[in-house]
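**Q** Listed here are the chains, written in short residue letters.
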Amino acid sequence: MSGAFDLILCLMILGTAGIALFVRDALAAIAFFIAFGNLMGLAWLSLGAVNVALAEIAIGAGVTGILLILARARLLALGDPVHSGDTPTWLWLGAFAACTSFSVLLAATVLSITPESGLDRVVAPLMPGLGIENRVTGVLLAFRAYDTLLESFVLLGALVAVWSLAPARAWPGRPAEPRMADGQMHQVAGASGRVLLPVALVMAAYLVWAGSDLPGGAFQAGTVLAGGLMLAAMGGAIGLPRSDRPLLRAALVLGPLVFLAIGLGGIAAGGFLIYPKGLAKALIVTIEYTLFLSIGVTLALLVAGPPVADSPVPDAGGNG
Amino acid sequence: MNLLGLLVAVPLGFMVAALLLRGSGRWLILAAAPVMAGLALWLALLPPGTTLLVGNWDLPLGILLRADGVARLMVLAGALVIGAIGLHALVDPPGGNDGGAATAETFWPLLYLMWAGANAGFLTTDLFNLYVTLEMVSLAAVALAAMGSLAAALRYFMIAMLGSLAYLLGVALLVANYNTVDVTLLAQVARLDLATVMALGLMTAGLLIKAALFPMHGWLPPAHAAAPAPASALLSAIAVKLGFVILLRLWFEAFPAITGSAALHVLGGLGAAAVIYGSIQAMRQDRLKPLVAYSTVAQVGYLFLAFPLVAGAVEPSSAWAGMTLHGVAHMLAKAAMFLAAGLMLKAAAGDRIADLGGLAQAMPLTVTAFGLAAVSLMGLPPSGGFTAKFLLLSAAIEQGAFLYAGVLVVGGLLAAVYLFRALSACFAPLAGAGPDTASRGPVTGGVKAVAPLALAGLAIVMGFAGTALVDVSAIEVPWATPTVIQPEVAP
Amino acid sequence: MMTFAPLLLVFLPLVAAAVSFALPERLSSWRNAANLGVAFTKLLVVAYLLNATEAGLVFEWRYEFLPDNDLVLRLDKLALLFVTLSVFLWLMTTIYAIAYFDRGPNLSRFFGFFNLCVLAATGVAMSGTAITFFLFYELLTLATWPLVAHKGDDKSLRAGRIYLSYTLAGSVAFLAGILWLQSLVGAIEFAAPPDLTGIPALTLTLIFILCIGGLGVKAAIFPLHGWLPEAMAAPAPVSALLHAVAVVKAGAFGIVRMIYDVYGIGTVADLGLGLPLAALASVTILYGSVRALMQTDLKKRLAYSTVSQVSYIILGASLIGPYAVIGGLVHLVHQGIMKITLFMCAGALANRMGIKAIADLDGAGRLMPVTMAAFSVGALGMIGLPPVAGFISKWYLGIGALQSDAAWVVAVLAGSSLLNAAYFLPLLYRAWLLPPPADRPAIRELATTRDRMLILPAAVTALVSLGAGIFASLPFSPLAWVTLIAEGGYLR
Amino acid sequence: MELLAPEPVSAGHIYAVTGAILTALGFYAFIVRRHALRQLLAVNVVGAGVFLILGGLGRGPDAIDPMPQALVITGIVVAVALTAFGAAMIVRLAEAPRSPDQGKAGKPDA
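Chains as they are written, first to last, in our numbering: chain A, 1 to 320; chain B, 1001 to 1491; chain C, 2001 to 2492; chain D, 3001 to 3110.
I should point out that these hints are in silico values taken from the structure, not numbers from a laboratory. One or more of the hints may lead you astray.
Below 30 Å or equal to it, Euclidean Cα-Cα: the simulated DSS-like pairs (lysine-lysine) are [as the list claims (entries may be wrong)]:
no. : chain 1 : residue 1 : chain 2 : residue 2
1   : C       : K2300     : C       : K2077
2   : C       : K2356     : C       : K2155
3   : B       : K1346     : C       : K2300
4   : C       : K2077     : C       : K2155
5   : B       : K1346     : C       : K2155
6   : C       : K2155     : C       : K2300
Partial list, derived from the structure: chain C residues whose beta carbon lies under 10 Å from chain B [stated by the list, open to error]:
no. : residue
7   : L2066
8   : N2069
9   : L2071
10  : T2141
11  : P2146
12  : H2150
13  : G2152
14  : S2165
15  : S2171
16  : A2173
17  : S2183
18  : A2350
19  : N2351
20  : L2367
21  : P2369
22  : A2373
The following label-pair restraints were derived from C-beta to C-beta distances [to be verified]:
no. : chain 1 : residue 1 : chain 2 : residue 2 : range
23  : B       : R1284     : C       : L2044     : 22 to 32 Å
24  : B       : G1049     : C       : A2201     : 40 to 50 Å
25  : B       : G1406     : C       : L2425     : 43 to 53 Å
The beta-carbon is built from N, C-alpha and C at its ideal position, and this holds for glycine as well.
Can you build the whole structure from these sequences, using the hints too?
**A** Shown next as structure tokens:
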């Protein structure tokens, strides 16, 4: 990787970020944000972090982008033009000065640290015991599985938090239908959703499978599944489920619950989250598959938002 | 067998169960409260030096859970407080009005999420793991705050996000600089360089937002005041404490050699300012819940006022105990006060303090709970608040830190001013309803007052268990490890 | 019994308090029975303890409530003096309060807090360490507030607010003083006074000022007395409690403890702190009397009289001579008995005849002879006429002053007695010698038992204050007991 | 930059410095862009900057350490979870601004 490429990429990242942050029009801002996310993915690739690149493009750019687009569309429909008001001069001057000095200070700090590969030395010898190749998966689901366990509950908790916003008569209803402004687009999305959903499922499953040894993993795969589900829902191929459907609830908690159960089962093997010898890979793969399913459904519902009072779509089947 | 993980896993299990049981999930608290109280009590009684390497992965990589004094006290108090709040929410459900059904159901998983997050945060020594737990707690906290006022919750959310990111940035710098984020390891390798100072500064700034220390407190009063009573109680008792505990880990354990006395006095000064400012604001409120919320701003101030006192003490244990016990006493008393205030406002004519007239007759038990909680918050004996203040004041006088001593003393008086204002309003005759206050029968059955009364009672009883609590708080205090007492090593 | 006796004394009022809080409003007879029963039981316990203590036993209970800070309840002779006083007056006030309120509102609450007050007063008396003392002293503040604000009208709430602002500020100063001293000498035990050598005189003086200032609020030393007249808004039994049983006494008692058991008379003398305090007490005595003279409201006049009288105790303590100490300490008892008589009478007059202003007293003696007789005994005692108990106090104070070469104190005593006479005698004159006005409303008819219960306590305390004067030389009289205390250690 | 580092600035450093600038840019935009949705976007940019610092500094001779990678993935997931909640709140607030008074439980008449 040549230094020039890195430099140009970084400049582009900064440029897109600048536009995303400061352009007047909200839609343009979001578009540039998605572009920014994809460039970030490239940066991660260039850094040699394929796992992160996948996550960044799928989640950082993809899901976050869709979230912002949907939110803007809903705000527009409610009569909020999404214009930020004028900033007082003193404020932006002050903020500018503060942030400039902050960035200089931070850059100096960053440069004062020598990048080194310290922990890889620790991780590498431990990998054979797990029976998988992907070291990032090893860290995520073994060495720091505790972080990941808690994180899966953060995701679940975020959905609960979104649901808690449901208005009085809407509970336990369906989320608002993610509308496509354009009729034709709607049909395209519907058709492609029908086709793409199975494809997405297969792709996602592959990503999980690959995640043991190659880059990939539950989160990236879950995002792909969520993307498929959302696209299908946008086109009306599937209806969004009521939030109290038992099957839905089961799908949501499956991954975290299995993870938790395996962690507690570890107590029998000596302590919380200990994988018994020889079973590590099997357990990790189990966790990954269940987690991927739950993450996919959770992310899709997170994008859909809280239930609304009168959802026009009849119950045409659910997901999960 | 080491069961430290259960303190996190069990509430998570209850969260899942609550989600699966949907509407009837609320009854789970009947099991959760005793189970968690039992676990927490077991934790408090463990022999010193109990730790757990999660998954048995060694340190620079793995995550260490440790039952030190702070963790024991906080987890135990948290279990009692959250358990009581949960039981209270059975009889006084949080979703009374708009958004009722969704609020009533989602309250429970959020409660368990916060419980797990708080316990995880109190127990872990890993700074990145602390980031995840911080987000667990913040997420639940914002959602709970949104049950009252969305606008306030959104404001809280935004500022909390910034705080989290500042904290995460600090963690990132530490990872790069030391290849570890474990507090116990950092304590051994910490050196004074730009990255460390920057990281510490960023993390501190982020955490001060979460702990709502003046002047980063702006989000707290509207969010805490508007939420339904059980949610307010959780926010004030639990949510702000985690940031404080992480700061303890950073300032006294990981980087004691780097946090110079000037920096400590900045924190102490902010704490003192918070005490005075929060109290004055509380005095100016004419509605009850904002008053109680501003009291939290003031009480958080004491926690940070204690920082320079701990660092400057010859024998830091007693100041340390004063600081931790203050946190615990505040948890109990403030939760009790918010629950009581919620009941009082439901019975009162309006939400102003002037509307509280007649309540001393109508709901004596609830007003008593409010009063007992007030006693602890004012630092009057016998109460946990007094024990804490006694220890802190002793430390301040011993060191000749008369400014801090003065703030401790004046803060207690100011608290008395605003809390007794609310209390004496309860003694006034029923506002605008003629002389027949007596005809107004008790409006709450005894059941509703049980939880606030129990919590306030615990805050009082704490005042008699001082020695035992001080002993617990001293388990694995940072300066017990020799690395910390060493003077700073030149980088 | 040896260790648990002090605990029992604290526990008994707690039982009464718990029962009172728990019983619903309408079960008034149960509540009354419980209160009287417990008060009476406690009196019996105290009688036993008096006997045992006189034989030289010391009861002590100890609990480590914070590291190096013990909660100590210790029954020495001085403690028992105050305990006996408060227990006896508690019984009287309970009887009186039952009759006074009859079936008024919020009595569960009233009796609950009332018992907590007595608990606190007992605790203050028995405290063996400074921190224990502070604990109960604060409890007293808190438990008294709902009583002062009991009526819930604007005036009572205002009185409660003023009471709290004075007393809480006082306690804070006191706490700061204790902690400062503790940071220098470690935990302060009254039984083993700390060694103060080597501490700068200025520091000691400042600590002394903080502590006495803090305690002086409750003892109503000028200029910290402002809350006491305001607190007259409270019902009569509460006034009795404030003025005689618990509150002002706790302050005065604390000052005695500070001078004799913390600093020690030697140190106080060396620092030259006795004289200023005596002077302040003298100013308070005269000031209170003058203000009392200016009042037209009966209870207010009595209140200012308390301001004046309590400072006799402080005067006695600060003069640092054997007779002065005895005079001061014995006045702790005598003032309590006499002042409670006056307040109970004033309450009965207000309750039954609506008499509040002094001008309404005309002819009251004829209509309520027993009440007015008791009142007269109390008033004469306050002036210091023999054979009422007040005479003993003043006599010993006077001799003590001469012993301590402070002849000016005698002038203060004489002046104060003249002022006392000036504000009490006109009352007696009006009550006994002037005819009742024609338009006086009739006496409110009460049930016979209630009527008797309203008068009986005052009559008993009046008799006791006579007895304490007449039989002062007998064993177990207040004077004899105080002499025992003084011989036991305060005459070093 | 060459002056600060002993050897020519590594690729890791370039990205880390980019991350630092992104962070500051995001903070600045957060302050001056007052609309909540734009602030949410700004927060995400700050997050991306922080992750880039984490990654850039965690880069060894040929690739990033697995541990910082894992931390970044965790961070990204947490960020998206919170962003979703934030976006939902912003929309709900525009839909039905619940005032603090309405939030008072059990007082439908207030």
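**Q** Double-check T2141 of chain C for me: the hint is only fine if its C-beta lies closer than 10 Å to a C-beta in chain B.
**A** 8 Å, holds
**Q** Just to be careful: measuring from the Cβ of S2171 of chain C to every Cβ in chain B, is the smallest value less than 10 Å?
**A** The hint holds - S2171 of chain C has a Cβ within 10 Å of chain B, the shortest such distance being about 8 Å.
**Q** Given a hinted range of 40 to 50 Å, is it respected by the beta-carbon distance of G1049 of chain B and A2201 of chain C?
**A** 49 Å, holds
**Q** Is the hint on S2165 of chain C kept, meaning its closest Cβ partner in chain B is under 10 Å away?
**A** 8 Å, holds
**Q** Close enough to count: is the Cβ of H2150 of chain C nearer than 10 Å to one in chain B?
**A** 8 Å, holds
**Q** Would the hint on G2152 of chain C be counted as holding, given a Cβ-Cβ threshold of 10 Å to chain B?
**A** 5 Å, holds
**Q** Any CB of chain B closer than 10 Å to the CB of S2183 of chain C?
**A** Holds: closest Cβ of chain B sits about 4 Å from S2183 of chain C, inside 10 Å.
**Q** Are L2367 of chain C and chain B close enough, Cβ to Cβ, to be under 10 Å, as the hint says?
**A** Given a least distance of 30 Å, the restraint on L2367 of chain C is violated.
**Q** Does the nearest C-beta of chain B fall within a distance shorter than 10 Å of the C-beta of L2066 of chain C?
**A** 4 Å, holds
**Q** Let's test the interface hint: is any C-beta of chain B closer than 10 Å to that of N2069 of chain C?
**A** Because about 8 Å separates N2069 of chain C from the closest Cβ in chain B, which is inside the 10 Å limit, the hint holds.
**Q** Interface hint check: L2071 of chain C, Cβ to nearest Cβ on chain B, cutoff 10 Å. Holds or violated?
**A** Since chain B brings a Cβ to about 8 Å from L2071 of chain C, closer than 10 Å, the hint holds.
**Q** For the pair R1284 of chain B and L2044 of chain C, does the Cβ-Cβ distance stay inside 22 to 32 Å?
**A** 53 Å, violated
This entry does not satisfy hints 1, 3, 4, 18, 19, 20, 21, 22, 23, going by the numbered hints stated previously.
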